[in-house]
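> In our numbering, the protein residues as written are 166 to 791.
Don't read these hints as lab results, they were simulated from the structure. One should not assume that every hint holds.
Each pair of labels, with its calculated beta carbon distance range [stated by the list, open to error]:
(1) ALA560 / ALA416: 26 to 32 Å
(2) ALA616 / THR304: 47 to 53 Å
(3) ALA300 / PRO449: 42 to 48 Å
Even for Gly, the Cβ is constructed at its ideal location relative to N, Cα and C.
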Amino acid sequence: MPNRHYDFAILAIYTLSTMLNVGLTMPSKWSLPVFASRPLLRRCLLATSCLGLLLPVTAQAQNAAIPTRVGQIASLSGSVSYNGAGSGGQWVAATPNYPVTNGDSLFTQAGAEAAIILNASRLTLGANTEVQITALDDTHFSATESQGEVFLSLSDLQAGQIFTLETPRGTVTISQAGAYDITAGDAQTPTTVAVLEGAASVGQLQIPAGQEGVLSGTDQTTAQLAPLQRDAFEDHVMAEMMPPPPPYAAAPVQQMTGVDELSTYGSWSQSPDYGAIWYPYVTPGWAPFREGHWAYIAPWGWTWVDGEPWGFAPFHYGRWIDSDGRWGWVPGAAYSPGYAYGPDDQPVYTPAVVGFFGLAAGAALTASLLASQSVGWVPLAPGEPFYPAYHADPAYLRRINRGDVRNFDPAAHREVAPGDFANRRAATYIPADAMARGSSVAYFGRPMTPALFGHAHALGGFNQALHPQITHQPAAAPHPSAFATQHSTPPMITHGAAPAIHPTMARPAPNGGEFHPGPETRPQNFGSHPPAAPVVEPHAAPPRPSAETFHQPMPHVYQPHEAPPRPQVQTYHPPMQTYRPPAQAYHPPMPAYRPPAPQFHQPAPQPHAAPRPQPHQDTRDDQHHP
């Protein structure tokens with residue numbers, strides 16, 4: 166239904182319900198006593214009142230802006246909890262390849278680790294870490310780190326894209342590609358912002374590459390620079406970096422969430438018709454959208470969650486092609502080498518790049534019939550537009566199909582019969598109740614046969630007809646301290662570069678004693694750009710510490726919900742050795758060449774010829790032997 170007709174129907178129903186209800190509440194002289202006494206009218210008025218209240222809310226939800234940029238839950242290790250749009254507001258066990266958007270949270274328990282991939286960037290959560298996404302759109306990413314440690318590897322940031330991470334002592338702002346490690350700290354442990362490459366800021370404190378900002382205090386935060394220290398978590402994360410897509414891939418492809426994981430699990434090639442194509446390493450008989458399950462995630466509705474470790478980008482962007490029995494993923498078929506990219510060419514997330522259909526024995530699928538029938542889908546091919554089941558305006562439809570359909574026109578919508586899709590060989594169907602439960606497609610799904618396409622029908626209003634019945638596995642919720650959940654950031658006193666860390670600012674050593682910084686370590690080079698020069702700003706002299714400050718504090722007993730302090734990392738410098746040329750290996754002289762002596766062989770004896778058999782002669786006496 167067009168938007169103007171939908172709004173007019175809502176307004177008419179709401180106005181009718183208001184008029185009838187007002188008529189009932191007026192004095193008897195002006196009311197409708199005859200009609201109001203009828204139970205049927207009473208029920209009708211109650212229904213119109215409910216519609217008048219619910220439909221505006223539904224219209225607002227349908228016309229709300231659909232997120233076009235999402236993150237991906239990836240690289241889960243250990244016990245990781247998730248709370249967001251796909252869990253109904255409950256803490257449940259995190260699932261790989263789940264999309265994350267505004268309001269979603271992740272919590273890693275002791276010994277666990279998780280990663281969130283966003284475009285070409287990656288956020289890795291260490292153990293005992295809680296992160297909630299507070300804002301996510303085409304240009305901004307904001308999150309709150311209540312506790313724990315987060316490593317950010319930011320690559321290929323577009324103009325105007327900003328990352329902000331709020332900690333209990335201040336907000337970290339990053340607008341440059343690079344590598345950053347942020348530890349939230351607690352009441353006894355300072356907050357640290359380590360910049361391996363790039364530049365960050367916390368309030369007025371500018372943190373260049375090769376330095377880290379140290380924030381301490383509860384009622385008042387003191388911030389200053391210190392030499393960078395590397396820990397085992399940072400080294401572990403940097404060792405797992407994955408290669409980006411090939412350079413001949415279009416620029417928007419670099420911004421697709423999860424595309425960096427594909428180089429490890431498949432091969433790229435270049436086609437004159439489609440540009441870059443990625444071929445996964447799969448077994449014979451594999452087909453897309455068969456190794457995973459369906460989940461209901463607001464605001465998109467039914468969303469595909471693939472079971473492969475690389476199964477995010479190929480199922481939420483681009484299209485699939487079937488080339489001589491080999492499946493390949495085309496991230497952008499409409500992009501040509503001379504194409505001029507603009508702001509509208511940023512990739513748009515899709516819950517599932519498929520066309521849905523229903524199976525019924527010659528009857529149209531209604532909401533009641535759908536519950537006992539089956540649901541099918543076909544992977545879309547290049548040139549086949551995607552029409553979502555949720556509400557979308559023409560501008561959204563243009564953006565979501567821009568890179569895959571040339572000269573796309575939202576007004577020229579034509580229903581495609583399920584048997585006319587180019588990738589009908591990969592068509593799959595599953596019982597509707599199994600889909601509603603989120604069951605495995607590999608177990609409950611079945612491939613379509615040519616005979617079944619005659620009973621297939623396009624699905625309209627799919628999200629509203631099939632109600633989810635998914636049950637998630639509950640998981641532990643975080644228990645941050647009061648310091649980690651404080652809502653107001655304490656005032657900050659900023660100091661620039663300091664020759665040494667003040668004793669009250671020092672990070673505690675593993676034994677609970679005072680930490681003394683060692684020599685500055687050289688950060689690992691993440692790119693071709695040299696690190697920025699340290700920015701030293703004028704600052705007031707730090708307060709003179711009292712004698713009580715230098716006393717060794719009592720060891721702190723950490724609770725299960727508190728993050729332990731970062732251990733001191735000692736940089737190993739091998740002793741200088743005097744260069745000695747390697748000893749020359751001894752090679753004996755080659756002996757003079759002597760031709761081999763002639764060999765004399767005695768002639769081999771010839772075999773004797775076997776005696777030739779003689780003809781048999783009969784010597785019997787015929788007279789005596791008849």
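> When you take the CB atoms of ALA616 and THR304, is the distance between them in 47 to 53 Å?
Given a distance of about 50 Å, which is inside 47 to 53 Å, the answer is holds.
> With respect to the beta-carbon atoms only, verify the hint that ALA560 and ALA416 lie 26 to 32 Å apart.
violated (21 Å)
> Is 42 to 48 Å a correct range for the gap between the Cβ atoms of ALA300 and PRO449?
Given about 45 Å between the Cβ atoms, the range holds.
This entry does not satisfy hint 1, going by the numbered hints stated previously; all others are met.
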